[in-house]
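> Residue-level listing of the chains:
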Amino acid sequence: MADITVNNETILDFTKQLKAQNDMFPVLSILNNNGDIVDEEALKRADLSDDDLINIMKRMLLSRQLNIRSTKLAKQGRFGFFAPTAGQEASQMASSYAFNHDDWLMPGYRDIPQIVAKGWPIWKAILWSRGHALGNEFTTEEGEPVNSWMPQIIIGAQYVEATGIALGLKKRQKDAVAYAYTGEGGSSQGDFYEAINFAGAYKANAVFFVQNNGYAISTPRALQTAAPHLAAKGWAAGVPSVVVDGNDPLAVYLVAKEARAWAVSGNGPVLIETLTNRLEAHSTAGDDPLRYRKQEDIDAWWKKEPLIRMRQFMTEKSIWDEDKENAYISEVNTLIDEQIKIADKVDKQKISNFIKNTLEVPGYAMKEQIAKFESEGK
Amino acid sequence: MAVKSYIDAIREAMDLALEKDKDVLIFGEDVGENGGVFRATDGLQAKHGEDRVFNTPLAESGIGGLAIGLTTQNYRPIMEIQFFGFLFEVMDSIAGQMARNRFRFNNTRNFPIVVRSPYGGGTKTPEMHADNLEGIVAQVPGIRVVMPANPADAKGLLLSSIESNDPVVFLENLHLYRSVKGEVPEGYYTTPLDTAAIVREGKDLSIISYGGGVPVAVKAADELAKQDIEAEVLDLRTVSPLDIEAIGQTIQKTGRVVVVQEAQRMAGIGANVMAEISERFILSLKAPIGRVAAPDSVYPFGQAENDWMIKADDIVAKALEVVNYD
Ligand SMILES: Cc1ncc(C[n+]2csc(CCOP(=O)(O)OP(=O)(O)O)c2C)c(N)n1
Ligand SMILES: [Mg+2]
Chain S
1 MADITVNNET ILDFTKQLKA QNDMFPVLSI LNNNGDIVDE EALKRADLSD
51 DDLINIMKRM LLSRQLNIRS TKLAKQGRFG FFAPTAGQEA SQMASSYAFN
101 HDDWLMPGYR DIPQIVAKGW PIWKAILWSR GHALGNEFTT EEGEPVNSWM
151 PQIIIGAQYV EATGIALGLK KRQKDAVAYA YTGEGGSSQG DFYEAINFAG
201 AYKANAVFFV QNNGYAISTP RALQTAAPHL AAKGWAAGVP SVVVDGNDPL
251 AVYLVAKEAR AWAVSGNGPV LIETLTNRLE AHSTAGDDPL RYRKQEDIDA
301 WWKKEPLIRM RQFMTEKSIW DEDKENAYIS EVNTLIDEQI KIADKVDKQK
351 ISNFIKNTLE VPGYAMKEQI AKFESEGK
Chain D
1 MAVKSYIDAI REAMDLALEK DKDVLIFGED VGENGGVFRA TDGLQAKHGE
51 DRVFNTPLAE SGIGGLAIGL TTQNYRPIME IQFFGFLFEV MDSIAGQMAR
101 NRFRFNNTRN FPIVVRSPYG GGTKTPEMHA DNLEGIVAQV PGIRVVMPAN
151 PADAKGLLLS SIESNDPVVF LENLHLYRSV KGEVPEGYYT TPLDTAAIVR
201 EGKDLSIISY GGGVPVAVKA ADELAKQDIE AEVLDLRTVS PLDIEAIGQT
251 IQKTGRVVVV QEAQRMAGIG ANVMAEISER FILSLKAPIG RVAAPDSVYP
301 FGQAENDWMI KADDIVAKAL EVVNYD
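These protein sequence lines are chains S and D, in that order.
Heads up: the first sequence at position 305 corresponds to 305 in the working numbering, and the numbers run straight through without jumps.
Heads up: the second sequence at position 82 corresponds to 82 in the working numbering, and the numbers run straight through without jumps.
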């Protein structure tokens, strides 16, 4: 059978086409697992000062420490729901380092560290996890607005909302973007496609991250899609798309920075797939990863986690050492201790307040309900 | 009879259905190797194979569409929506598609789909994981909505739902999964999808509830018994369509009624039960109908949920009001 070709391209050789799709997205990396530089040019383009490197390292350590403490507190019932972040520090904290104060963060339930890094006090994060309405206020300690929404529980919804924000920013000619995070599981939702498609159609100021951490609860990445790379989904929408080593803070930062610059200049959105791994349970609510993955697999990913390579790289540059790290960790732990105390002192959530949060002007039955709960001090 | 938990009874029903009928399939997020996030399908993939019990990608609308399409090949899909708070993602499949298909095919085809999903509060879940959204689906013509309150009913009603040639939304109370145990008959049996059940007899008033509201109503009835008030508790079991006959019988017997639901006051089933009573049995009533329901706010996940949820004390207070009315 003769090949059918158009402009010298075979059209009906589907096997060949699948292979081409597979080869379409080389993975960007700057630091390998050992902290060696594998791409000097890319490192130069990232243009990170020593201070920037220290800041990124500190943000990642803050996140790791928050994770350790939150999982412990959740086990004691003192923290509400928590989704562990260990292993995803580069994907979360080096990416968000590329964004500005005025940019809008659209987080999923696992993206608490990025909101904290944007100025949301830890005590509010704790209250959010406990279902206290004060945790739904996105302001700094000083009452300044933090451009973030509540961590989205509905998988994919933050993506479509981000597109709306992004179009609004463009219409208002703001020097800002919306940046949203979901997981590889989230990339299967209709909302995911609708969001990148709309943003592409409007050339809206959006940067979309898919944190491919290997699992959606127990479901492995391979089951989500036949697409060899999640970034390939951006192509269908005419959106530039990149795959990056999600455990390499420098490469993640570089892509995020370039994507932001592109989006803020009115060129339209960018989709970024960060290849990373969830090193711990899905959440603190009773998930046991050993029901669906092997310990060896988890151990292998622990060797590739981002802190190891960043520590190595910065130690070689003589801008980081064990003492500095220990000093910073104890600083963070003191901060977390203080923040827990603040959260614990807040009065219990009142139902009457909850009802007041439902409509600006409550209806007849609601007014009765508010009065009843208030009379009971609830 | 063996004593089993609600979730074990549900798993047993699915196991029996998979065994009895090779056309039965189970799919949804994490239902395979992991056995579902609550272990409702634990061991079913290992026993019946990946062909029949399998994980899906993360997309509820896709899961709904899959179920609808598979019926054309004469499969009988049991699809799981991991939490009923994610009803909205699959609402188009349920209300816009499966519920309308008998009409769209002029009654020439069946759509034997079961949508299984956990709902209800009291277990400190995150947002969207505890909502009582049955009122929304019960307003859709073309589907049955089934909400068992005990292990024996859970098994028998699930087997009936799987045998039903119409789509069934089968709602499993999250709190009851492990908190309630009861005698469950051995083997395969079905419990009809159109009959309510009296779970406690009484002559002084009727408490009508369903799903997670039933154990709270029974607890209230126990309290009332201490005050020499004999409350009859009617468990609706199927909230759409309603067993209006059973509602009428208990009203005619007691002449006094409190309708109890876990959902917000404005949300659905209770209002419908009260409307049916007013329309059909008002002359049998000796007192205005009482209602106990949750406040009209979003579900307050986490620390305030115990204050928000309906309590036996609320039912007792309302029952006393109704009983003492003259
Ligand atoms: C619409 C919707 N469906 C189902 C769930 C339940 N759920 C919570 S997390 C999760 C897996 C998410 O996986 P992924 O998108 O890869 O993110 P990760 O948890 O790995 O960060 C599921 C199915 C949900 N929160 N929202
Ligand atoms: Mg994932």
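Simulated from the structure, these hints should not be mistaken for lab results.
Think of the CB as a built atom: it goes at the ideal place given N, C-alpha and C, for glycine as much as any other residue.
One or more of the hints may lead you astray.
As the list claims (entries may be wrong) - Output of the computed footprint for chain D on chain S, the stretches with three or more beta carbons under 8 Å from beta carbons of chain D:
#, segment
1, 182 to 189
2, 221 to 231
3, 360 to 366
Unchecked claim - Distance condition first, Cα-Cα at most 30 Å in a straight line; then the derived DSS-like pairs of lysine-lysine:
#, chain 1, residue 1, chain 2, residue 2
4, S, K372, D, K124
5, S, K348, D, K124
6, D, K47, S, K367
> To test your reading of the hints: which numbers does this structure violate?
6
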